[in-house]
Amino acid sequence: MAKLPPYATTGQRIWHYTFLVICGLIFFFLIAPIAVVIPLSFNSQNFFTFTKEMLSLDPDGYSLKHYRDFFSNPDWQNAMWNSIKIAPVATVISVSLGTLAAIGLSQPHVPARRAIMAILISPMIVPLIISAAGMYFFYSKINLAGTYWGVVLAHAALGIPFVIITVTATLVGFDRSLTRAAANMGADPVTTFFRVQMPLILPGVISGALFAFITSFDEVVVVIFVGSAKQQTLPWQMFTGLREQISPTILAVATILVAVSIVLLTIVELLRRRSERLRGMSPG
Amino acid sequence: MSDMTDTSGPVLAADGTPLKRSLAKALRRQKLRALMLIAPLLLFILVSFILPIGDMLYRSVENKIVVNTLPRSVEALSGWDADSGELPDEAVFAAMAADLKEAYEARAHTRVGSRLNYEYPGISSVFRKSGRSAGRFDLESGGPWKDVLIDLDDGWADQGVWRTIQTYSPPVTSGYFLNAVDMRVGPDGAEMRPEAERIYMNLLVRTLWMSLLITFSCIVLAYPVAWLLANLPTRQANLLMILVLLPFWTSLLVRTSAWKILLQQQGVINDILVWVGLVDDNARLIIINNQFGTIVAMTHILLPFMILPMYSVMQTIPPSYLRAAKSLGATEWTAFWRVYFPQTIPGIGAGSILVFILAIGYYITPALVGGTKGTFISNQIAFHISTSLNWGLASALGAILLAVVLVLYWAYDKIVGIDNVKLG
Numbered sequence: 001m002a003k004l005p006p007y008a009t010t011g012q013r014i015w016h017y018t019f020l021v022i023c024g025l026i027f028f029f030l031i032a033p034i035a036v037v038i039p040l041s042f043n044s045q046n047f048f049t050f051t052k053e054m055l056s057l058d059p060d061g062y063s064l065k066h067y068r069d070f071f072s073n074p075d076w077q078n079a080m081w082n083s084i085k086i087a088p089v090a091t092v093i094s095v096s097l098g099t100l101a102a103i104g105l106s107q108p109h110v111p112a113r114r115a116i117m118a119i120l121i122s123p124m125i126v127p128l129i130i131s132a133a134g135m136y137f138f139y140s141k142i143n144l145a146g147t148y149w150g151v152v153l154a155h156a157a158l159g160i161p162f163v164i165i166t167v168t169a170t171l172v173g174f175d176r177s178l179t180r181a182a183a184n185m186g187a188d189p190v191t192t193f194f195r196v197q198m199p200l201i202l203p204g205v206i207s208g209a210l211f212a213f214i215t216s217f218d219e220v221v222v223v224i225f226v227g228s229a230k231q232q233t234l235p236w237q238m239f240t241g242l243r244e245q246i247s248p249t250i251l252a253v254a255t256i257l258v259a260v261s262i263v264l265l266t267i268v269e270l271l272r273r274r275s276e277r278l279r280g281m282s283p284g
Numbered sequence: 001m002s003d004m005t006d007t008s009g010p011v012l013a014a015d016g017t018p019l020k021r022s023l024a025k026a027l028r029r030q031k032l033r034a035l036m037l038i039a040p041l042l043l044f045i046l047v048s049f050i051l052p053i054g055d056m057l058y059r060s061v062e063n064k065i066v067v068n069t070l071p072r073s074v075e076a077l078s079g080w081d082a083d084s085g086e087l088p089d090e091a092v093f094a095a096m097a098a099d100l101k102e103a104y105e106a107r108a109h110t111r112v113g114s115r116l117n118y119e120y121p122g123i124s125s126v127f128r129k130s131g132r133s134a135g136r137f138d139l140e141s142g143g144p145w146k147d148v149l150i151d152l153d154d155g156w157a158d159q160g161v162w163r164t165i166q167t168y169s170p171p172v173t174s175g176y177f178l179n180a181v182d183m184r185v186g187p188d189g190a191e192m193r194p195e196a197e198r199i200y201m202n203l204l205v206r207t208l209w210m211s212l213l214i215t216f217s218c219i220v221l222a223y224p225v226a227w228l229l230a231n232l233p234t235r236q237a238n239l240l241m242i243l244v245l246l247p248f249w250t251s252l253l254v255r256t257s258a259w260k261i262l263l264q265q266q267g268v269i270n271d272i273l274v275w276v277g278l279v280d281d282n283a284r285l286i287i288i289n290n291q292f293g294t295i296v297a298m299t300h301i302l303l304p305f306m307i308l309p310m311y312s313v314m315q316t317i318p319p320s321y322l323r324a325a326k327s328l329g330a331t332e333w334t335a336f337w338r339v340y341f342p343q344t345i346p347g348i349g350a351g352s353i354l355v356f357i358l359a360i361g362y363y364i365t366p367a368l369v370g371g372t373k374g375t376f377i378s379n380q381i382a383f384h385i386s387t388s389l390n391w392g393l394a395s396a397l398g399a400i401l402l403a404v405v406l407v408l409y410w411a412y413d414k415i416v417g418i419d420n421v422k423l424g
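Taken in order, these protein sequences are the chains called A and B.
When the letters of the first sequence are read in order and numbered with our numbering, they come out as residues 1 to 284.
When the letters of the second sequence are read in order and numbered with our numbering, they come out as residues 1 to 424.
Honestly, the hints are just simulated from the structure, not real lab data.
Each hint should be verified, as a subset may be incorrect.
Unchecked claim - The following label-pair restraints were derived from C-beta to C-beta distances: (1) B:Asp81 <-> A:Lys230: 53 to 59 Å; (2) B:Pro10 <-> A:Leu178: 30 to 36 Å; (3) A:Ile267 <-> B:Ser386: 35 to 41 Å; (4) A:Ala229 <-> B:Phe383: 16 to 22 Å; (5) B:Pro10 <-> A:Arg113: 44 to 50 Å; (6) A:Ala187 <-> B:Leu46: 29 to 35 Å; (7) B:Phe383 <-> A:Val196: 40 to 46 Å; (8) A:Gly11 <-> B:Ser327: 14 to 20 Å; (9) B:Ala196 <-> A:Ser72: 48 to 54 Å; (10) B:Asn282 <-> A:Gly11: 24 to 30 Å.
What the hints assert, rightly or not - Sample of chain A residues with no beta-carbon within 12 Å of chain B, all distances over it, derived: (11) Pro88; (12) Val196; (13) Glu219.
Source: prediction; values computed, not measured.
Glycine included, every Cβ here is placed at the ideal spot set by N, Cα and C.
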């Protein structure tokens with residue numbers, strides 16, 4: 001019924017268009033809040049709403065001043081660099097350990113597979129506030145709380161389920177005879193892994209990595225508790241900004257983060273389509 | 001063939017070992033290799049995640065501080081009958097004086113005081129006041145301690161103080177959990193707290209209720225969209241899918257700040273309503289810092305988690321079923337309700353559990369747009385960790401929340417299977 005048949009009655013036509021309008025409104029609900037932030041971030045006033053100048057498309061109503069503030073304010077710059085320092089390292093840890101484990105989990109005979117899977121997925125299931133509480137108490141005991149490595153470890157743990165899920169999903173379509181063929185021709189396991197298996201599962205690994213990266217990059221609950229002021233990340237700075245004195249610079253930051261997520265989303269979508277195409281071609 | 005029947009022994013592998021054993025060995029090696037690959041990550045998760053959770057659970061019942069700080073008094077008090085209506089005897093007071101002196105020197109008297117204060121309000125000032133003088137106690141000749149202590153702070157003449165110390169002397173306590181469900185240890189075992197002091201059960205019920213509302217609004221909003229996506233040609237569906245995936249990938253903080261800005265009294269939504277004339281400029285709607293704000297913002301944030309599983313289920317339903325129903329004489333509604341809808345229930349179930357699990361643990365969004373009326377149990381946990389420093393109670397509340405989530409997770413695993421979780 002996505003398209004109306006020529007014999008549709010008037011009632012059906014009315015319902016069809018009403019339905020499309022309803023769907024349109026829901027899509028509007030999904031996207032409008034994000035879309036509104038972008039023009040507001042170019043506001044030349046310190047308001048959180050559209051000014052008269054903006055509505056009449058007067059160039060004076062727009063400016064880059066909030067972006068200038070973001071790039072010159074030491075607090076925001078510090079937060080940005082902390083985010084850039086933490087997220088990639090956490091991602092590398094989750095991806096390297098996660099890919100290995102995913103390969104192990106997709107072997108035909110794994111004892112206690114369900115239990116292991118449940119443990120590895122658990123950081124995604126447990127509410128963040130509980131993870132944050134547990135990690136804060138425990139990391140304080142072993143002097144990791146308030147350190148760079150404490151935050152990195154915590155974020156790596158949170159990113160692992162995403163790596164496991166995406167990589168095991170890619171491995172489902174992996175043709176096992178390829179590794180056997182490689183071994184048959186004299187390749188040792190390490191060579192087989194890097195030259196045969198890795199290139200084929202790379203799309204899954206990269207999308208897992210992107211998920212892990214965004215998990216760490218966006219994460220705020222755990223870093224608030226486990227980190228100290230020295231590890232203040234971008235989301236943390238936004239959180240304090242929204243709580244205490246809300247400054248329009250947040251809008252500029254939000255717009256930049258939306259741009260980052262559009263880039264990541266595009267990469268993930270392209271990879272997903274590529275891997276679907278590859279899998280469609282591979283025999284079996 | 002005849003050779004095979006002649007050798008009555010087991011079938012042998014190429015190297016002469018029995019085939020059965022050789023196969024078992026190969027299988028064992030395979031299992032070991034798989035485990036070796038998993039081991040580093042498993043170890044990592046155990047140390048960085050499972051141990052902390054275990055530590056938190058232990059903290060929710062741990063109560064060593066009383067017996068460690070006041071060892072002599074705890075021992076002396078064990079002989080005291082709390083129901084006798086009399087204060088403990090001189091020996092107990094002497095033990096307390098010795099404990100207080102030691103605790104003061106180790107600067108531990110305020111900590112034990114604030115621990116016991118959770119159970120018996122007012123007790124922390126008793127410890128603080130007497131602790132200050134306890135440094136000067138002369139244990140040999142300073143007595144009688146009963147008079148000295150009561151002279152310092154008449155809290156020591158209160159049987160409730162002694163009863164509390166006695167009740168909370170074991171190294172393990174259910175006190176935090178009782179507190180988390182608005183109960184306390186009374187003279188006759190566990191009892192409900194007075195009406196006015198009951199906070200947490202109401203909060204838990206509110207959290208569950210609001211999560212249910214959010215889940216329900218997600219179902220209502222996601223169903224038509226998922227249906228449209230599943231029934232459009234692939235190219236158009238992929239384009240519209242971007243509108244679902246973009247919010248999914250956008251930072252939680254960005255979406256929450258967007259709602260904070262939209263819902264403000266001087267914000268975009270109120271401006272539009274005033275401009276249209278639906279609302280008077282002096283009577284702008286209060287749609288933030290209350291339950292409404294939390295529900296709207298969280299529905300928006302969690303909606304993609306509902307649309308995606310629904311979409312993947314609806315995609316597998318052949319459109320010919322609906323046509324068949326209609327050609328057999330069903331009306332549009334009957335065809336939908338009796339044929340299409342039942343087939344989408346797995347998708348609704350998967351999405352609902354996912355959204356519900358995510359919703360009850362939310363902290364950031366309720367903290368920013370929920371005000372005081374729209375906060376969740378997570379916010380109370382955060383409060384006890386960072387502000388009131390009652391880590392035991394925070395842990396007990398966390399343990400209860402964790403139990404709820406795990407039960408739901410188990411249900412999710414039964415219905416959907418954790419292996420079938422799909423992303424993006």
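Task: Hint check against the structure, violated hint numbers in rising order - done: 5, 7, 10, 13
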